[in-house]
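Note that the protein sequences, when read in sequence, are chains A and B.
When the count follows numbering that gives the first Met the number 0, it moves up by one through the first sequence with no breaks and lands on 122 for the last residue.
When the count follows numbering that gives the first Met the number 0, it moves up by one through the second sequence with no breaks and lands on 208 for the last residue.
These are calculated hints, taken from the structure and not from any lab test.
Errors might be hidden in some of the hints.
Estimated spans, in silico, between C-beta atoms of each pair [said to hold, decoys possible]:
hint : chain 1 : residue 1 : chain 2 : residue 2 : range
1    : A       : 108       : B       : 92        : 17 to 23 Å
2    : A       : 29        : B       : 92        : 17 to 23 Å
3    : B       : 154       : A       : 79        : 20 to 26 Å
4    : B       : 208       : A       : 67        : 33 to 39 Å
5    : A       : 18        : B       : 198       : 44 to 50 Å
6    : A       : 79        : B       : 71        : 39 to 45 Å
7    : A       : 25        : B       : 198       : 46 to 52 Å
8    : A       : 0         : B       : 101       : 30 to 36 Å
9    : B       : 71        : A       : 14        : 47 to 53 Å
10   : B       : 71        : A       : 5         : 54 to 60 Å
11   : B       : 115       : A       : 79        : 19 to 25 Å
12   : A       : 40        : B       : 66        : 32 to 38 Å
13   : B       : 178       : A       : 14        : 22 to 28 Å
14   : B       : 112       : A       : 15        : 26 to 32 Å
Keep in mind that this is a model prediction, so the values were computed, not measured.
Positions of the beta carbon are idealized from the N, C-alpha and C atoms, including for glycine.
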Amino acid sequence: MLTLQFIPHQDIQHLDIQKRMQKILEPIKNNQIVVLEGKLEANEEAELIQETMREIDEKFKGIEFSYIHPHPDHEVLIEKIRSTLLHLLLGDREGFTVIGPNHLIKEIKKAPHKIQLFTEKRK
Amino acid sequence: MTYLLGRFGNFLKKLFQRRRHVKLGLYGPPNGGKTTLANRICKDWTGEELGIVSPIAHETREIQIKEEITIQYEGKELTVSLADTPGIATKIDYEDFLRFGIKSKDAKQRAREATKGIIESIKWLDNMDAVIVVLDSTHDPYNQVNLTLIGNLEARKIPMLLVANKIDLKRNKLRKIQTAFPQYQVVGISAKSGKNMDQFYKNLFEVTS
Chain A
0 MLTLQFIPHQ DIQHLDIQKR MQKILEPIKN NQIVVLEGKL EANEEAELIQ ETMREIDEKF
60 KGIEFSYIHP HPDHEVLIEK IRSTLLHLLL GDREGFTVIG PNHLIKEIKK APHKIQLFTE
120 KRK
Chain B
0 MTYLLGRFGN FLKKLFQRRR HVKLGLYGPP NGGKTTLANR ICKDWTGEEL GIVSPIAHET
60 REIQIKEEIT IQYEGKELTV SLADTPGIAT KIDYEDFLRF GIKSKDAKQR AREATKGIIE
120 SIKWLDNMDA VIVVLDSTHD PYNQVNLTLI GNLEARKIPM LLVANKIDLK RNKLRKIQTA
180 FPQYQVVGIS AKSGKNMDQF YKNLFEVTS
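Taking the hints into account, I'd like the entire structure generated from these sequences.
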């Protein structure tokens, strides 16, 4: 059975970067897939990788993650204006970031406006 | 007056030389061909190779640096300190190494060293003046490691050149990589065979100028 945990942006926005990463990694280390509201900043993604590396052992072998955003790359002008306004209002809360343990998620394919999770059959 | 002009000329020369000394990092996912490219650059301009190449991922687990490599292109010179970094990954499973005949104890040690290497690679990003992102052109470009790496270089305003390596292989997806990152220069090369290295050096001068 796969368990998904949704983490709203407001649950982590007040935390410092390390605590934020721990909050994300904790359920993942307990075999859950995290669906995070919004997008991590570039430095947060780098921190997530570094924190993951610090946590890797014989049982926890890392993560897979991917972000999906609601807007296509080739938007017409009116859509671009709407996206920009939404971004100003919501900041990094648009879209979702899916993060899961590597032993459960074999691969995440991004195509680029849909993501496919390939899960590993547990023995 | 001649003396002053001479001093001024020397000052300009030194200033110019300083600007053209670049700390250049080779970054990317494991097994993309970073060390093969580092060896190709070092061999082309110093006659010596830098590191060991292996089909097993995470062969490079420590940052390797070659200082003072002077690259020439169409009468211009560029001196670089070249840093070959461990491949960045989001996962490391020691069992993957067992398949290559590595003993369990050594595989676990290799995994431990690889995790440390990734942390170091990311920390070192801030030391770089420019970065060559080495991608395996036979792999999907929408890999999260690629996106995170490029996003971090962009956020840090570090100039980058994207290299789609292994274009000598028929299954290369050079076009797909160029489409995935239209805002960046993407040069297709084969670091192993030396294919298209002239274009690579041309783009390198453009990115670092």
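We went through each hint and held it up to the structure:
no.: 1; hint: A/108 / B/92: 17 to 23 Å; in the structure: holds (19 Å)
no.: 2; hint: A/29 / B/92: 17 to 23 Å; in the structure: holds (19 Å)
no.: 3; hint: B/154 / A/79: 20 to 26 Å; in the structure: holds (22 Å)
no.: 4; hint: B/208 / A/67: 33 to 39 Å; in the structure: holds (37 Å)
no.: 5; hint: A/18 / B/198: 44 to 50 Å; in the structure: holds (46 Å)
no.: 6; hint: A/79 / B/71: 39 to 45 Å; in the structure: holds (44 Å)
no.: 7; hint: A/25 / B/198: 46 to 52 Å; in the structure: holds (47 Å)
no.: 8; hint: A/0 / B/101: 30 to 36 Å; in the structure: holds (34 Å)
no.: 9; hint: B/71 / A/14: 47 to 53 Å; in the structure: holds (51 Å)
no.: 10; hint: B/71 / A/5: 54 to 60 Å; in the structure: holds (56 Å)
no.: 11; hint: B/115 / A/79: 19 to 25 Å; in the structure: violated (43 Å)
no.: 12; hint: A/40 / B/66: 32 to 38 Å; in the structure: holds (33 Å)
no.: 13; hint: B/178 / A/14: 22 to 28 Å; in the structure: violated (37 Å)
no.: 14; hint: B/112 / A/15: 26 to 32 Å; in the structure: holds (29 Å)
The structure fails to meet hints 11 and 13 from the earlier list, while all remaining hints are met.
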